[in-house]
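Here the protein sequences come in this chain order: A and B.
Quick note: the first sequence, position 503, residue 503 per our numbering, numbers continuous.
Quick note: the second sequence, position 215, residue 215 per our numbering, numbers continuous.
There's no promise every hint is true.
As the list claims (entries may be wrong) - Derived EDC-like pairs: lysine to aspartate or glutamate, alpha-carbon spacing no greater than 20 Å straight-line:
id: 1; chain 1: B; residue 1: K76; chain 2: B; residue 2: D262
id: 2; chain 1: B; residue 1: K773; chain 2: A; residue 2: E518
id: 3; chain 1: B; residue 1: K171; chain 2: B; residue 2: D182
id: 4; chain 1: A; residue 1: K299; chain 2: B; residue 2: D532
id: 5; chain 1: A; residue 1: K290; chain 2: A; residue 2: E300
id: 6; chain 1: B; residue 1: K552; chain 2: B; residue 2: D179
id: 7; chain 1: B; residue 1: K216; chain 2: B; residue 2: D182
id: 8; chain 1: B; residue 1: K439; chain 2: B; residue 2: D381
id: 9; chain 1: B; residue 1: K575; chain 2: A; residue 2: E364
id: 10; chain 1: B; residue 1: K575; chain 2: A; residue 2: D278
id: 11; chain 1: A; residue 1: K299; chain 2: B; residue 2: D571
id: 12; chain 1: A; residue 1: K64; chain 2: A; residue 2: E359
id: 13; chain 1: A; residue 1: K299; chain 2: A; residue 2: D210
id: 14; chain 1: B; residue 1: K773; chain 2: B; residue 2: D721
id: 15; chain 1: B; residue 1: K422; chain 2: A; residue 2: D278
id: 16; chain 1: B; residue 1: K236; chain 2: B; residue 2: D390
id: 17; chain 1: B; residue 1: K545; chain 2: A; residue 2: E364
id: 18; chain 1: B; residue 1: K384; chain 2: B; residue 2: E327
id: 19; chain 1: B; residue 1: K236; chain 2: B; residue 2: E624
As the list claims (entries may be wrong) - Listed below are several chain B residues computed to face chain A (Cβ distance under 10 Å; list not exhaustive):
id: 20; residue: L55
id: 21; residue: T531
id: 22; residue: D532
Claimed, not checked - What follows is a list of derived Cβ distance ranges for each label pair:
id: 23; chain 1: A; residue 1: S183; chain 2: B; residue 2: D776; range: 40 to 46 Å
id: 24; chain 1: B; residue 1: L737; chain 2: A; residue 2: N374; range: 39 to 45 Å
id: 25; chain 1: A; residue 1: S360; chain 2: B; residue 2: K634; range: 46 to 52 Å
id: 26; chain 1: B; residue 1: G569; chain 2: A; residue 2: N489; range: 53 to 59 Å
id: 27; chain 1: B; residue 1: A522; chain 2: A; residue 2: K499; range: 40 to 46 Å
id: 28; chain 1: B; residue 1: G438; chain 2: A; residue 2: N374; range: 28 to 34 Å
id: 29; chain 1: A; residue 1: P189; chain 2: B; residue 2: G438; range: 52 to 58 Å
id: 30; chain 1: A; residue 1: N374; chain 2: B; residue 2: L739; range: 25 to 31 Å
id: 31; chain 1: A; residue 1: E300; chain 2: B; residue 2: L739; range: 52 to 58 Å
id: 32; chain 1: A; residue 1: N374; chain 2: B; residue 2: R655; range: 44 to 50 Å
id: 33; chain 1: A; residue 1: E315; chain 2: B; residue 2: T520; range: 27 to 33 Å
Keep in mind that the hints were calculated from the coordinates and are not lab data.
Ideal Cβ placement from N, Cα and C applies to all residues, glycine included.
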Amino acid sequence: MMIRTAMIAAILALAPGLCQGAAEASPEPKITSVYPCGAQIGRTYEATVRGRNLKGARSLWFPKPGVRARVLNVASPDATTDLLRVEFTVDRAAAVGPHTFRVFTADGVSNAVEFAVTTAVPILEGTPDQPVARFPISIEGRIEKPGGVNTYPIAVAAGQTLTLEVHSGFRGFDPSIAIAEQSGSWFDPQRVNRVAFNDEPLYFPGLSTDARLVHRFERAGKYLVQVGSFSGQGNPDYVYELRMTPGVTPPPVLHPHWQDLWEERQFTRAMGSNWIADIANRGAGGTIPKAAETFRAVKEGNSTVPVMTPPGVVEGRIEQPGEAHVIQVKVDKAQDLALEIETPEATMPRFNPVVRLTESNGNEIVTDVYTKLNNNGLYMMKMIQAKTVFSLAAPGVYTLQIRDITTDRGGNGFAYRVLVRPQIPHIGKVTCAEDHLNLQPGATKTLTVTLEREEEFSGVVALSAENLPAGVTALPAMEKPLDRPPLPNGGRLERYTPKPQISSLLLIASPDAPVSGEPVVVRITARPVVNGHLGEPIPVADVPVAVIARRPS
Amino acid sequence: MKGILLIGFLVPLFAASTVPRSIRIEPRDRVLHGEGAVQQLLVIGSYADGSDRDLTSEATWKLSDTDLATIEASGKLGARKNGLVTVVASVAGRTTRTSLRIEDVEAAREFQFSRDIGGIFTRQGCNGSGCHGGVKGRGGFKLSPGVLNPKDDYEWIVKGGGYQVLTAEVKGARVPRIDVKDPAKSLILLKPTGAVAHGGGKRFAIGSPDYNTILKWVADGAPYGPEGGRENKVVKLEVFPSIVTLERDGQHRLLITARLADGRTEDFSDQALCSVNDKTVVSVSGCTVKAGRMGETSVLVRAAGLAASATVGVIGPPLAAYPNPPESNFIDKFVFEKLRRFRIPPSALSSDEEFLRRVCLDLTGTLPPQERVREFLASKDPTKRSRLIDVLIASPEFVDYWTYRFDDLFRVGVFPNGINIKWSQMYADWIRDSIASGKPYDQMARERIAAQGYDGPTRHYLPYDVIGPAGETMAEEFRVFFGRRLDCAQCHNHPYEAWSQDQFWGLAAFFSRVFKMGDTGAEYVVFDHPTDEAMGNGDVNGSIKLYHPRTKVEVKPALLDGTVVESTGRDNPRKVLADWMVSHPYFAEAAANRIWSYMLGRGLVDPVDDFRSTNPPSHPELLERLASEFRGHKYDLRYLIRTIALSRTYQLSGRPLDANREDRTNYSHASPHALDAEVMLDAISAVTGIPEVFTTGISEAVKDSGQAPAGTRAITVRQPDLYYSRFLDIYGRPNRLTLPERNGKANLNEALHMLAGAAYQEKLGAAGGRLRKMLDQGRSDDQVIQEFYLAAYARLPEHDESEAIRKLIASRGNHEEALRDFVWALLCSREFSENH
């Protein structure tokens with residue numbers, strides 16, 4: 001008993017030391033936000049970068065041209081926070097839109113933080129004393145504390161329309177916006193009453209949670225614009241830019257934000273005229289299939305149904321709720337086909353296209369609806385997919401049906417493009433797990449590359465890392481086995497998901513590798529190899545890598 | 001002056017009259033059809049005090065032509081020949097007459113199993129829920145309650161076999177319960193006569209009319225009678241009178257009339273089973289009710305698988321004078337009429353103070369600020385009450401409060417709405433927009449019931465991020481929009497109501513095709529799966545078809561009356577259901593009753609979601625009229641709320657009179673009801689001047705998570721499972737995982753929280769609060785007392801209240817602590833924690 005107690009005490013005594021040691025072993029710089037998070041073209045201004053391990057910051061590193069920064073100083077208000085004061089300069093030639101930067105210290109390169117380069121509109125920081133009456137204007141702010149709501153008085157004319165947008169400068173900050181007026185009530189003459197509110201145009205995975213509100217003011221007068229955090233969180237990282245623009249600015253395209261360089265399983269990818277060739281190029285070349293012809297389907301019930309032959313793109317629009325479109329697909333031999341769907345305008349979750357290929361007797365051969373049972377086998381799960389592969393066992397004339405999954409949705413934006421084509425084995429999406437790497441001389445680190453084999457692509461894939469820092473070499477490593485087998489209730493997985501494969505590239509810094517003066521962008525590429533023929537390089541990722549001084553062990 | 005006014009409102013009421021002002025025979029203008037047709041007649045006396053009494057037992061009867069009919073001393077008329085017979089009844093020197101037509105006496109009365117045999121089972125209590133009509137039947141023998149399913153009953157008797165609840169399989173060997181060869185040996189006769197052991201005891205004697213009827217039926221080969229559509233079914237039961245008032249020693253026979261499918265009527269007085277809810281108020285023998293103690297109860301009448309009810313009140317002694325209060329609108333007409341009949345005087349009109357606090361809380365969940373109280377009390381405007389009601393209905397607080405009400409009813413919450421804060425917010429925003437824009441309630445219901453896609457109302461189809469079982473979903477829609485509970489019928493025919501398992505699953509089938517698209521838990525789109533498309537799964541039938549749990553037969557969507565709604569393949573059957581539901585009379589009456597309950601503290605049917613024949617409305621005509629008005633004003637919630645608030649009934653004082661103190665159901669005075677937890681917390685914050693802070697942690701210890709903006713009121717906290725509050729949990733805030741039921745009953749936790757809870761203790765003297773500010777301003781005790789009385793009670797203290805409080809404060813060594821205790825005492829009082 002005594003021994004057991006002593007052992008527990010020893011473990012407990014050791015534990016904090018272990019944890020601390022682990023923390024000290026990785027003093028990589030980490031940044032969380034920059035304030036202000038909007039950068040106006042042609043302006044030089046001071047900004048504060050919040051993060052950790054920023055002492056000794058040497059420079060800020062921008063992957064896109066047009067923005068520069070000079071490090072001024074670093075303060076540490078508490079044990080877990082560093083405040084890096086920098087001077088930003090935004091060139092007139094800088095591209096308007098999102099940019100990123102990283103901080104480079106003696107301990108390496110940090111993660112990236114996004115900020116927006118905006119056009120030349122007046123910028124305010126903090127709460128203005130007088131109601132804002134001139135638009136456009138940008139206001140930089142932050143929700144300092146939980147429950148915080150920042151209020152900006154504005155003065156508007158009757159009939160004036162404003163577009164109010166809040167752009168979050170912090171990944172975890174989901175802003176909301178409201179227009180209110182102090183119109184009072186019988187109970188409280190000072191009551192602030194909400195006039196309009198928005199959280200984001202549409203909440204859906206892959207869409208921005210930035211807030212946007214377009215409002216026409218019927219009455220002239222003073223109003224209050226309120227910016228808060230959706231579920232009431234707040235801390236100094238919750239930075240934002242509030243833009244108030246007269247009129248109605250173009251609404252955001254409610255298409256999911258792509259994280260990767262290549263997406264072929266997204267409804268919103270554009271299947272242009274070279275789409276088939278683009279795919280074929282990811283399969284080590286060979287004979288490029290012919291381009292797809294364009295067809296139009298007709299409303300179900302129409303006496304005359306047009307006929308298409310693969311490869312072909314069916315284009316159309318579900319104008320009315322409940323409407324279904326049909327076209328016949330003539331196939332002259334048994335073959336492996338792919339069905340690809342694009343929703344160029346409205347997309348999930350507003351337009352959820354269901355595409356079915358049926359035999360003449362109505363039997364369903366294939367659909368874009370992936371069906372499986374959930375883990376406990378109790379619930380049927382259904383999900384529409386942008387791409388489906390299948391085999392047709394016999395030649396014939398089939399019917400392709402296109403509709404929305406609901407019976408009460410349809411309209412102008414419900415446009416679709418459905419491509420029916422022969423399968424083309426190729427490399428699909430290739431991603432690299434690492435965002436950046438900091439290497440000490442004599443150390444190794446791994447870059448993990450995941451690639452998806454589409455349509456039974458069986459060739460070899462060559463991986464390479466180019467532009468390595470001096471003293472750093474890359475070696476291929478054995479691939480990791482897949483962690484989990486497919487679920488037993490997984491349905492016809494092979495139709496809707498590619499075969500993933502994981503490989504590794506080992507980066508090795510020699511013991512005498514020189515310390516980097518600035519990060520080096522290492523380009524990871526993949527190249528398909530089929531029948532001894534090396535295909536075109538496929539860009540995978542640009543990873544900033546730095547060799548940093550060895551730390552005492 | 002007040003006394004003169006009061007006298008003006010009083011009208012002399014006659015002492016209990018012993019001589020009727022007039023008499024009449026009921027029913028009138030009745031037609032008797034067929035061989036052996038009978039009709040029970042009643043002689044009703046009308047008295048000067050407005051009451052009616054059953055004088056049948058005192059009546060003597062004469063017929064214009066005894067060849068045409070016979071009449072017994074009890075008033076039972078029997079048909080002999082076709083023709084028009086005049087019946088004359090005499091009581092206490094008065095006579096009255098009525099004519100009845102007799103037709104088709106030559107037509108043999110067609111035998112019907114349900115009526116002739118089933119009626120015996122009903123009358124003898126065999127098919128009651130406590131016996132063979134229970135869920136499992138009794139002793140292996142199952143009858144449908146009140147002959148709800150005569151065909152089933154027939155099979156169990158004629159073919160035999162044991163009944164099982166969960167399956168249609170017959171338990172044991174099928175041994176008939178009749179013996180056609182030797183009818184007297186039939187089990188169906190041996191058991192109720194006690195010839196063999198019978199758990200239900202002896203029900204009738206050998207040779208009794210019921211015995212003979214069954215014996216003859218068996219001897220005739222146990223026919224069923226006309227099948228299916230040819231059967232002249234009873235479609236409705238009617239009870240006369242529907243409301244009965246009895247003197248302390250009074251009794252009244254109930255007439256039961258069956259309306260048949262062909263439009264004819266038939267006297268079912270001898271075929272119905274009458275039972276009473278509260279046997280201390282009345283006892284029942286046959287269908288004659290006899291007075292017990294003072295009070296009100298309902299008598300349930302069952303026959304032919306149907307049920308009806310009558311309200312019976314035993315009234316007190318006559319009042320020397322009965323007030324004749326003015327009526328503000330139709331509500332008062334119905335309420336006062338019943339009060340008069342039951343000899344319960346209404347209380348006086350509420351004081352301005354009572355009214356102001358009540359109407360503010362009921363319409364906005366908000367206490368009136370003290371300056372508004374002073375202003376209202378000082379106003380001499382005779383229309384100030386109606387003007388205030390209009391102001392409140394137009395206020396933003398009204399939108400806050402009724403949004404909160406419907407958040408509760410429609411179950412807004414993170415867990416009930418897909419375990420996703422954003423989704424519950426989408427749903428909550430839809431409710432708020434609906435209330436704020438004055439969307440008609442039928443439109444709200446339609447949008448919710450038939451919701452498809454990815455918008456606010458669809459989110460209520462995703463409890464715990466799965467599509468809820470069809471049966472549960474249907475039962476909830478039914479309960480919310482129809483105020484009726486079908487849940488029991490999920491597993492078996494409803495034991496007390498005419499809800500069958502078939503009806504339950506027929507309605508549930510409207511929801512069996514509700515599907516969600518998406519598999520990551522973040523993108524669910526709700527849709528109705530087509531019936532004729534696999535959409536990826538080989539066995540589409542297994543996924544979207546609904547099978548009757550007992551019979552294993554596929555159930556098609558069917559409305560309550562059995563009308564099957566055939567699918568066109570790709571459609572949303574819930575649209576049909578939604579249209580049907582909002583046009584059904586249940587919809588408007590359930591909504592009207594719910595709003596009434598919110599405002600009066602008790603539903604006309606109470607609980608509000610438990611409409612059933614055994615729980616009839618206290619004021620059926622009023623409920624019908626409210627529903628009709630609601631329909632007529634396009635389901636405008638504001639109109640309904642305004643109409644109720646304008647009635648004198650709503651505005652009666654909460655101070656009971658000796659003569660109405662015991663009244664709980666007739667709205668003779670306002671009945672105090674506990675403030676909802678959220679309203680109560682807001683009221684405490686308003687009185688103390690210290691707003692509540694709501695955090696998103698799962699306990700008070702997690703303070704660094706999210707926080708609602710400063711000044712957020714409890715009624716505007718949309719997701720109860722997101723914002724933690726110990727106070728709200730203790731005071732009964734529901735988590736909305738199921739349909740909320742707030743009982744408003746005090747509990748020990750509340751008492752402990754009053755003593756030590758933050759809401760009571762930390763706010764009292766907090767910096768920035770009302771008391772602290774007044775102390776800093778050097779206000780006198782009188783000023784403090786007055787302001788807190790106005791803030792908490794919406795009234796000034798009475799002189800003796802002020803005196804007592806002043807003395808108490810002066811007697812305490814610590815002045816500030818004494819004032820804090822005074823405020824604490826106000827907040828802990830019933831006057832504060834109740835709406836009255």
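Hint check results:
1. B:K76 to B:D262: violated (24 Å)
2. B:K773 to A:E518: violated (61 Å)
3. B:K171 to B:D182: Violated, at roughly 25 Å.
4. A:K299 to B:D532: Cα-Cα ~18 Å, so holds.
5. A:K290 to A:E300: violated (29 Å)
6. B:K552 to B:D179: Given pair K552 of chain B, D179 of chain B is violated - Cα atoms ~32 Å apart, limit 20 Å.
7. B:K216 to B:D182: holds (11 Å)
8. B:K439 to B:D381: Not satisfied, since the Cα-Cα distance of roughly 32 Å exceeds 20 Å.
9. B:K575 to A:E364: violated (27 Å)
10. B:K575 to A:D278: Given pair K575 of chain B, D278 of chain A is violated - Cα atoms ~46 Å apart, limit 20 Å.
11. A:K299 to B:D571: holds (16 Å)
12. A:K64 to A:E359: Violated: K64 of chain A and E359 of chain A sit about 52 Å apart, past 20 Å.
13. A:K299 to A:D210: violated (38 Å)
14. B:K773 to B:D721: At roughly 35 Å apart (the allowed maximum being 20 Å), D721 of chain B and K773 of chain B break the hint.
15. B:K422 to A:D278: violated (38 Å)
16. B:K236 to B:D390: This hinted pair is violated, its Cα atoms lying about 42 Å apart.
17. B:K545 to A:E364: holds (18 Å)
18. B:K384 to B:E327: Measuring from Cα to Cα gives roughly 17 Å; hence the hint holds.
19. B:K236 to B:E624: Status holds; Cα separation ~18 Å.
20. L55: violated (57 Å)
21. T531: violated (12 Å)
22. D532: Status holds, d = 8 Å.
23. A:S183 to B:D776: 40 to 46 Å: At 30 Å between Cβs, range violated.
24. B:L737 to A:N374: 39 to 45 Å: Violated, since L737 of chain B and N374 of chain A (Cβ atoms, about 21 Å apart) do not stay within the stated range.
25. A:S360 to B:K634: 46 to 52 Å: holds (50 Å)
26. B:G569 to A:N489: 53 to 59 Å: violated (27 Å)
27. B:A522 to A:K499: 40 to 46 Å: violated (25 Å)
28. B:G438 to A:N374: 28 to 34 Å: violated (41 Å)
29. A:P189 to B:G438: 52 to 58 Å: Distance hint for P189 of chain A, G438 of chain B is violated at roughly 24 Å.
30. A:N374 to B:L739: 25 to 31 Å: holds (26 Å)
31. A:E300 to B:L739: 52 to 58 Å: For E300 of chain A and L739 of chain B the Cβ distance comes to about 41 Å; the hint is violated.
32. A:N374 to B:R655: 44 to 50 Å: Violated, since N374 of chain A and R655 of chain B (Cβ atoms, about 60 Å apart) do not stay within the stated range.
33. A:E315 to B:T520: 27 to 33 Å: holds (29 Å)
Hints 1, 2, 3, 5, 6, 8, 9, 10, 12, 13, 14, 15, 16, 20, 21, 23, 24, 26, 27, 28, 29, 31, 32, counting from the list given before, are not met by this structure.
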